[in-house]
Amino acid sequence: MTFLIAALGVLGVASSGPLIAATLGATTVSALAIAFWRNAIGAVVMVAPVVVRDPRELGRIRASEFRWCLIAAVALALHFACFITSLQLTSVAAATALVCLQSAWIAVFQLFRGIRHSWTVLAGLAVAFLGVVAITGFDMGTSPEALAGDLLAVAGGALAGLYTLAGGKARQTMTTGSYTTLCYGMCAALVAVLALFTGQPLIGFEAAGWLGIAAITVCAQLVGHTAFNHLLATMSPLLVSMIILLEIPGAALLAALFLAETLPAGTYAGLALILVGLAVVVAGQRSSARKAVPQLAELGTD
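This note's numbering numbers the first residue of the sequence shown as 1 and each following residue consecutively.
All clues given are correct.
What follows is a set of in silico ranges between Cβ atoms, one per label pair, in the way DEER data are often shown:
hint	residue 1	residue 2	range
1	A208	K169	38 to 46 Å
2	L253	L222	17 to 25 Å
3	V52	L130	47 to 55 Å
4	A272	L196	36 to 44 Å
5	A189	R62	14 to 22 Å
6	V133	T262	20 to 28 Å
7	V133	F112	19 to 27 Å
8	S143	W119	34 to 42 Å
9	V51	A126	46 to 54 Å
10	A214	G59	30 to 38 Å
11	Q88	I115	29 to 37 Å
12	P264	L196	37 to 45 Å
Just so you know, these hints were derived from the structure itself, not from any lab. For glycine and all other residues, C-beta sits at the position ideal for the given N, C-alpha and C.
All chains should be modelled from the sequences, with the hints used to inform the complete structure.
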């Protein structure tokens, strides 16, 4: 059963890039519409158990918790705007790999905050960013659009790292339900404002477009992320983090099968470097955390 849940989780998150690319390419759905409805539906789904469990929980949110949620929501909104737009400009495989650099960005942000990392983390960062150079270098030779898509995906990964750090601060005192409800809800509102200023519609799509939005929300948001949240209760965070990295080859394989996406050999080499580098970074960060704060390994999820 654990293997089945892990497989569903990998398929869920790996399907995000190909599903978004297919929806954007075959329908009139806008990039911000996907980000809006994914978060809006996620907020509605997450608020239900919170209200049933404790109707007054959301009313007890403190000002400091709200600020961290707002920072996380802003980062998440910009992350989705960058990542989904990048899928219109570069390959699914490259965009997915580059946006998955969030673990590396977290380590970089921690370095700027004065947190020292082991040599394994630094080595992993070097390998991962070497993969970025390989991918962007090959895309620079193909088209300016592909390079722009790569840079947007890199920015999306950095924003995802900021979202994770801010969410970690909020989650120190907030439950998963109240945090995700507030964060997803504010993110949806911010994306709606972005859509208004950029002129991207949020409604009025054909049936195929709404089907694509529903598939993205169910597969990536509800199945993928829920599966990994469940696994955190039965597996170590390190193992779950390693399994999530399978999103990179998974997205590349799905894009090749269903979108007939082919890549230069050098791009595949870049994907491999990012995957290996991130695995080393994740392992090194977990090892450092266990040495510095041993009790972290005993924390569960709610």
